[in-house]
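K.L.:
Protein chains in written order, with full-length UniProt numbering: chain A, 1 to 410; chain B, 1 to 410.
It is possible that part of the hints are untrue.
As the list claims (entries may be wrong) - Just a few of them, taken from the derived set where beta-carbon distance is under 7 Å, the chain B residues facing chain A:
1. Tyr57
2. Arg59
3. Leu60
4. Gly207
5. Thr211
6. Pro260
7. His270
8. Thr282
The hints are simulated quantities; they were obtained by calculation from the structure and are not laboratory data.
For every residue, glycine included, the Cβ atom is placed at its ideal position computed from N, Cα and C.
Protein chains: 2
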Amino acid sequence: MRACDVGDVIMGRLVAAYGAPQAVKAIRSRTLPPEFVAQEAQQERPPDLTTRLHTWYARLAAANPAADLAAGTGSGARLIIPGDPEWPTQLDQLGPSRPLALWVHGDADLRFSCLKSVSIVGARAATPYGSHTAAEFGVGLGESGWTVVSGGAFGVDGAAHRGALAAGAPTVAVLACGVDVCYPSNHETLFAAIKEQGVVISECPPGVHPTRARFLIRNRLIAALSRGTVVVEAAIRSGALNTATHALSLNRHLGAVPGPITSSMSAGCHKLLRERKAVCITSPEDMIDLVGVMGEDLAPHVRAPAVPRDRLNEPTKKVLDAVPARGGAGPASIAVAAGVTLDAALSALGGLAAAGYIERTPRGWRLRKQTTSYRKAPDTLALQPPPTPEPDPTELPPPPDDLLYAGYEG
Amino acid sequence: MRACDVGDVIMGRLVAAYGAPQAVKAIRSRTLPPEFVAQEAQQERPPDLTTRLHTWYARLAAANPAADLAAGTGSGARLIIPGDPEWPTQLDQLGPSRPLALWVHGDADLRFSCLKSVSIVGARAATPYGSHTAAEFGVGLGESGWTVVSGGAFGVDGAAHRGALAAGAPTVAVLACGVDVCYPSNHETLFAAIKEQGVVISECPPGVHPTRARFLIRNRLIAALSRGTVVVEAAIRSGALNTATHALSLNRHLGAVPGPITSSMSAGCHKLLRERKAVCITSPEDMIDLVGVMGEDLAPHVRAPAVPRDRLNEPTKKVLDAVPARGGAGPASIAVAAGVTLDAALSALGGLAAAGYIERTPRGWRLRKQTTSYRKAPDTLALQPPPTPEPDPTELPPPPDDLLYAGYEG
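Start from the sequences and build out the full structure, keeping to the hints where you can.
P.N.:
This is the structure we're talking about:
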């Protein structure tokens, strides 16, 4: 693992073809198998194998695998390789960039935890809106039995992990440094909590510190481990968009949470939506709907609230619309205005009056005041208006002049 | 116009087939042409023509076209019918629901104004975010030579009209009442301003007050007049979504502005995005990009800011990443860490030092403090770091621990 940097696809192909022990032997002897050299020469962009071998040799000479193993196991972590029972086989889709091995630290089983998992990624410099959303998603997914995979960073990552922990669910933090290195250092408590309820994993050997390149290469693991990735907040230039690209190239689901267009921290999400690369995600249920198995994890559809008026039949609605709010009108003029026959108007007026929608005045029929604002329909009979006008907390009050058409006219 | 309610498609077909004078004559005589009756009977849902004719007759008997014309022209409006030079021919796409005529009040030419136009629709009970966005879109579209079409209501509509007026651009308000009726009454000043710079139009005769049905039917005109519609804010149950449906069925472009997922006033927009019915719109330029002619109205693409580091070549970047931030390291260990040869490392270190990225200390090479945060690249040479660290107002400051990887790791 020390011989090459993480994500070295040439090393990946070498190990895939000959196994790790043979690969080490070849590097030690500074001679690559001739078939491998011939094969690599046929790549679209043939790599400079001599330089690469030289680098591997120098790194291997400086490496101390026994010390790494001792440091890793000493810190409480375990090393897993492809074929182990805990190895998440979905990583095999990474092809030659599949990690050679993974350090895993924590009480949960990595493979089992990732069977039903969603990756939550986003800006480190998240806004309060982004952190709030990430935490809500962490809780919502955790409570529905989904594991949250993220990068353990500040901002969106940390909030998502904390949300999942709060829901009592396992969560997986994929680090760009050794699992015994605490980066960012303020997250020591968070990582300790994750190790108790989930796992902290890394493909980097113990003691390795993060570099820019390791963050970018780490992101492919976050995308590959889960069924889908949701970007909560991301600036136009953001590592979260890099993870999103990995998710798309692995044919995983991709979601993006919208935000105010005035926030530069949502610009990356809006770019994904605008280019139709990501699905618009407004709740954990939306995400489960996206990645879940059909018929098993379906989210309830957002539906328009029903209002009592919906239950009136068409002619009655027309008559109700034709009754004036002020003054009054006779049945004949209402029938003409509504475009129905006089008989139909008279019958509808009777029903509407009995239900309290309208009232008879000396000047004719007019609307009753309390029925001009519409609220959610109670599950009762059609012609039963709500007895008292109580404010609906889910709706902003419409301007008073418009009460009559609340919720209809845009 | 008084004989039927607005949007009566049977009347539309009658007038289209026989002309308005013949239609009036037929209704007066209470006998529809036999071919028309036979044709209507073949409709998927054959209408009850007897009742309909009866209603038309009663309405026609109560109508006073001369008084309507006098009232309309007296208020300063003009009546246009299909075929007139000012008639916007894009309304013909409405088929039988095309309005029989339009009352137009204002100094602008309706057809000319709508040639390059965008409809901005949204909630009356808009949040400050929605009103702000609508106004910004009104200004942005107006300044780019686009006419804003909207419904003259409170909230999004009003803000969009005001934005267009502020940009000195024409704007079209499509009312659901007579053009001489001021609804909402608080918008008297706004409508007066629109009449000076644009037009207020309606298919309703003078004096007619708005009803729920007229609002919904009016919406098809807002969608049909422009090249595309953008929904700024909309609850799940909203007239703006009705306009959006009309825009889609007319094959017009549809955009939706995202907002916080915590705002119920953006839920309708998010639904359109989630169902991939609308394109995500974050600026007036996005909307122009959507509705504009290719090569003529292209919006600039949102691009990630360039940082000085982008201009370094790959081996130099690797070496820079391998240089420690604290302490120091010799060229040999940096070469091993970066995975490059010693010669390449020495050459890169020299260049990086000359450019001020790194410095030599008694303990070896290390990063220079002021180059660890990256800002927008000046348009100069690659290896020239910005001289003084000045804060970038477009980026939130990353947490201090993370300065090294600002903008990369998510």
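K.L.:
Check each numbered hint from earlier against the structure, then list the numbers of those it violates in ascending order.
P.N.:
1, 3 and 4
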